[in-house]
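Student: What follows is each chain in one-letter form.
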Amino acid sequence: MAQMKFKTLAAAAFVALAANAAHAQKAEVIHWWTSGGESAAVKTLADAYNQAGGTWVDAAVAGADNARAAAINRIAGGNPPTAAQFNTSKQYHDVIDEGLLNDIDPVAAKEGWDKILPKPIIDSIKIKGHYYAVPVNIHNPTWFWYSKSALAKAGVAAEPKTVDEFFAALDKLKAAGLVPLALGGQSWQEWITFYSFVLHVGGRDAYLKFFRDHDVASVNSEPFRKAMTALRKLHGYVDAGSPGRNWNDATAMVISGKAGFQIMGDWAKGEFGAAGQTAGKEFGCFAGFGPSAPYMVAGDVFVFPKTTNKAQIDAQHKLATVFTSPATQVAFNNKKGSIPIRTDVDTGKMDVCAQAGVAAMKDASRQIANPDMLMTPDMVGAVQDVITKFWNSNQSVDDVVKALQGAIKG
Amino acid sequence: MAISSSRHRPGRARPWRALTAQIALLPMALTALGIYIGTVLWSMRISVSSSRIFPRDDFVGLSQYQRLFETERWHVSVQNLAVFGVLFVAACLVLGLLLAVLLDQHVRGEGVLRTVFLYPYAVSFVATGLVWQWMLNPELGIQSTVRALGFPDFKFDWIVQQDRVIYTIVIAAVWQASGVVMAVLLAGLRGVDESLWHAARVDGVPRWRYYLSIVLPQLGPAIGTSFVLLAVGVVKVFDVVVAMTQGGPGNASEVPAKFIMDNLFGRANVGLASAASTVMLLTVLALLTPWWYARAVQAKKARHA
Chain Y
1 MAQMKFKTLA
11 AAAFVALAAN
21 AAHAQKAEVI
31 HWWTSGGESA
41 AVKTLADAYN
51 QAGGTWVDAA
61 VAGADNARAA
71 AINRIAGGNP
81 PTAAQFNTSK
91 QYHDVIDEGL
101 LNDIDPVAAK
111 EGWDKILPKP
121 IIDSIKIKGH
131 YYAVPVNIHN
141 PTWFWYSKSA
151 LAKAGVAAEP
161 KTVDEFFAAL
171 DKLKAAGLVP
181 LALGGQSWQE
191 WITFYSFVLH
201 VGGRDAYLKF
211 FRDHDVASVN
221 SEPFRKAMTA
231 LRKLHGYVDA
241 GSPGRNWNDA
251 TAMVISGKAG
261 FQIMGDWAKG
271 EFGAAGQTAG
281 KEFGCFAGFG
291 PSAPYMVAGD
301 VFVFPKTTNK
311 AQIDAQHKLA
321 TVFTSPATQV
331 AFNNKKGSIP
341 IRTDVDTGKM
351 DVCAQAGVAA
361 MKDASRQIAN
371 PDMLMTPDMV
381 GAVQDVITKF
391 WNSNQSVDDV
401 VKALQGAIKG
Chain B
1 MAISSSRHRP
11 GRARPWRALT
21 AQIALLPMAL
31 TALGIYIGTV
41 LWSMRISVSS
51 SRIFPRDDFV
61 GLSQYQRLFE
71 TERWHVSVQN
81 LAVFGVLFVA
91 ACLVLGLLLA
101 VLLDQHVRGE
111 GVLRTVFLYP
121 YAVSFVATGL
131 VWQWMLNPEL
141 GIQSTVRALG
151 FPDFKFDWIV
161 QQDRVIYTIV
171 IAAVWQASGV
181 VMAVLLAGLR
191 GVDESLWHAA
201 RVDGVPRWRY
211 YLSIVLPQLG
221 PAIGTSFVLL
231 AVGVVKVFDV
241 VVAMTQGGPG
251 NASEVPAKFI
261 MDNLFGRANV
271 GLASAASTVM
281 LLTVLALLTP
291 WWYARAVQAK
301 KARHA
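Chains as they are written, first to last, in our numbering: chain Y, 1 to 410; chain B, 1 to 305.
Isolated chain Y, as found in the complex:
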């Protein structure tokens, strides 16, 4: 009888210990990857973390704004998650200023992040000498996608290598009765079109002067005005049903060959893949005009809310290590459509667009930060308001220049 009691007690103690041990590396992660492809991608991260000995507790929140708001509220409310997703941007810099994030310098030092990460990303995650966020991917929001069948029907022989060739191709598509540019008329998509034109038509200098230096005089300069005039001209190549259209509906127009081009980030690749199309066969892609076009760097990071709980800190460090390991990077980015944050990975299994992206990243002179990394969300919003009004009305280039100057004056 006593033996039975002892055995039960021992079993109970063992279970409690085991449960505690499993709890020790429990990581609650808030993110907004809820669509089909995104869920598959985040599952690779969860599996890698679980295999490394941790327990992944998923706390997905649909909608990027909602997820960030939920994370901020929990951090401010004293019940923070182990990790929370943000974009590689200035979105979390306020949180750092309030002292509410843990730094992950030990992991950064051990993995040698200073050496393997590209500079635009380091600038975003290393604040005042400390690493506060772990990057998981590199997205380029300004890829140009095109339907090979639509271009063939319109008689466009090759990928446009300059802005003029691009507009010539658009003219040919219009003459053939197709929709030259598939655009979803939502504020953020107009915003992407705007800054892709500032970069690829106005040039690298005009882009940096506006977005990084907030230089008011540069808005009225020749290259910037050229970009705005081209943007005004581009509006004529968009169809009447564009306002309010979702981005994936616009991609569907390119997939079905009804439209020629779309300017969208590389998350669009998932749509092509889901429709059974292969890069280089039914659809093509280029990151900018010409072989040395700038390659914009955007992406997602995870930050680690402040905690003094040793087990949670261990979980945070383990997350950071697992997320940046080469194997996890390849698995995750293949499903996500983005490219890995490190160039020392095996690119054999990636499609031609991703391979082109990795090759572009190897050339440091082509890398350029996206506007979210250079401007606060507040200023991004103010510029977005100006651009959406310009796009949807007959406002002249002079007027929009004045409005933009007001927006970046801060």
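Derived by calculation from the structure, the hints in this document are not laboratory data.
All C-beta atoms, glycine included, are put in the ideal place defined by N, C-alpha and C.
The reader is advised that the hints may include incorrect statements.
Computed list of lysine-lysine pairs in DSS-like fashion (alpha-carbon distance at most 30 Å, straight line) [said to hold, decoys possible]:
| hint | chain 1 | residue 1 | chain 2 | residue 2 |
| --- | --- | --- | --- | --- |
| 1 | Y | 233 | B | 155 |
| 2 | B | 155 | Y | 172 |
| 3 | Y | 174 | B | 155 |
Residues on chain B that point at chain Y, a partial pick, calculated with CB under 10 Å [as the list claims (entries may be wrong)]:
| hint | residue |
| --- | --- |
| 4 | 54 |
| 5 | 145 |
| 6 | 147 |
| 7 | 150 |
| 8 | 225 |
| 9 | 248 |
| 10 | 263 |
| 11 | 294 |
Just the calculated beta-carbon pair ranges, DEER-fashion [what the hints assert, rightly or not]:
| hint | chain 1 | residue 1 | chain 2 | residue 2 | range |
| --- | --- | --- | --- | --- | --- |
| 12 | B | 134 | Y | 40 | 50 to 56 Å |
| 13 | B | 225 | Y | 63 | 34 to 40 Å |
| 14 | B | 294 | Y | 63 | 40 to 46 Å |
| 15 | B | 134 | Y | 79 | 54 to 60 Å |
| 16 | Y | 79 | B | 239 | 26 to 32 Å |
| 17 | B | 57 | Y | 115 | 40 to 46 Å |
Please arrange chain B on chain Y, whose structure you already have, making use of the hints.
Tutor: Relative to the frame of chain Y, chain B by itself:
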């Protein structure tokens, strides 16, 4: 408060009942005072600080309000609210009254008709916005259908035009809310004495004139109730705009509630959003205060009469 009716006999029972009533109301009163009014005051405090993503304790005077009134998007949203408010309330009242009067004619299947007219209110504003967005989309909805029926020049693309899009939002909202107004006014109509109609008929008054001059004044309280319900909906309007147009094209169908929500979360600009909500609160108070005052004066006159 003690019930001040002369029908009650003064006695020992009254003060005790009043005290129990007050104690029962205490939690609700504390909640209203503490949480509701307290948070309103806190929002006003934040609106004079430079809070961005987290609240800050500093004091920057009225610079958030200055920035607010320099923001074109805010001007557009206030204008839209005024246009939407007037059109929505007027259309709902007129349409609701017409439907109620028509249903009041003791038609067959009145119960079924009443349910049918009330159904749109059971649909969420988001679903309403989405469905109307599809219906009004020039490529997918009414315009393309009528064109396919053989009228190639038919144009109904208000939803993609900057100066007409607010009217599409009015259409969707009126479709949803007129059923409720109809229900409230029908209840009011049922309270009108039927013998009045007989007396009017004897005098040779036509039916429409009877409704306009005799019934309508008696519907005062019912119309007042509907007006309050509609006005609350106007100030709150957010989900139908987000579902239908996301504030677009451009910022043409922006409304204050959406402006505040966007700044609170996406733009990480709590200070500006609080300034905008304070402005909205003060506007509503400014509009209500004359009405309250008028009612108080009327009540005083009634007591002295």
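Student: Is the gap between the beta carbons of residue 134 of chain B and residue 40 of chain Y within 50 to 56 Å?
Tutor: Distance hint for residue 134 of chain B, residue 40 of chain Y is violated at roughly 29 Å.
Student: Restraint: residue 248 of chain B near chain Y, CB-CB cut 10 Å. Satisfied or not?
Tutor: Cβ of residue 248 of chain B sits 6 Å from chain Y, so the hint holds.
Student: Does the alpha-carbon distance linking residue 155 of chain B and residue 172 of chain Y stay inside the 30 Å limit?
Tutor: Holds - the C-alpha atoms of residue 172 of chain Y and residue 155 of chain B are around 28 Å apart, at most 30 Å.
Student: Assuming the hint says 40 to 46 Å, is it satisfied by the Cβ distance from residue 57 of chain B to residue 115 of chain Y or not?
Tutor: 42 Å, holds
Student: Against chain Y, is residue 145 of chain B within 10 Å by beta-carbon distance?
Tutor: With a closest approach of 14 Å, the residue 145 of chain B hint is violated.
Student: Between residue 225 of chain B and residue 63 of chain Y, does the beta-carbon spacing fit 34 to 40 Å?
Tutor: 36 Å, holds
Student: At the C-beta level, are residue 134 of chain B and residue 79 of chain Y separated by a distance inside 54 to 60 Å?
Tutor: Given about 41 Å between the Cβ atoms, the range is violated.
Student: Compare the distance between the alpha carbons of residue 174 of chain Y and residue 155 of chain B with 30 Å, and conclude whether the hinted pair is satisfied.
Tutor: 22 Å, holds
Student: Is it true that the C-beta distance of residue 79 of chain Y to residue 239 of chain B lies inside 26 to 32 Å, as the hint says?
Tutor: Hint holds: Cβ distance 28 Å, inside 26 to 32 Å.
Student: Can you tell me whether the CB distance of residue 294 of chain B to residue 63 of chain Y sits inside 40 to 46 Å?
Tutor: Cβ of residue 294 of chain B to Cβ of residue 63 of chain Y: about 45 Å, so the range 40 to 46 Å holds.
Student: Going by Cβ atoms only, is residue 54 of chain B closer than 10 Å to chain Y?
Tutor: Cβ of residue 54 of chain B sits 5 Å from chain Y, so the hint holds.
Student: Is the shortest C-beta separation between residue 150 of chain B and chain Y less than 10 Å?
Tutor: 20 Å, violated
Against the hints set out earlier in the document, violations occur for numbers 5, 6, 7, 8, 11, 12 and 15.
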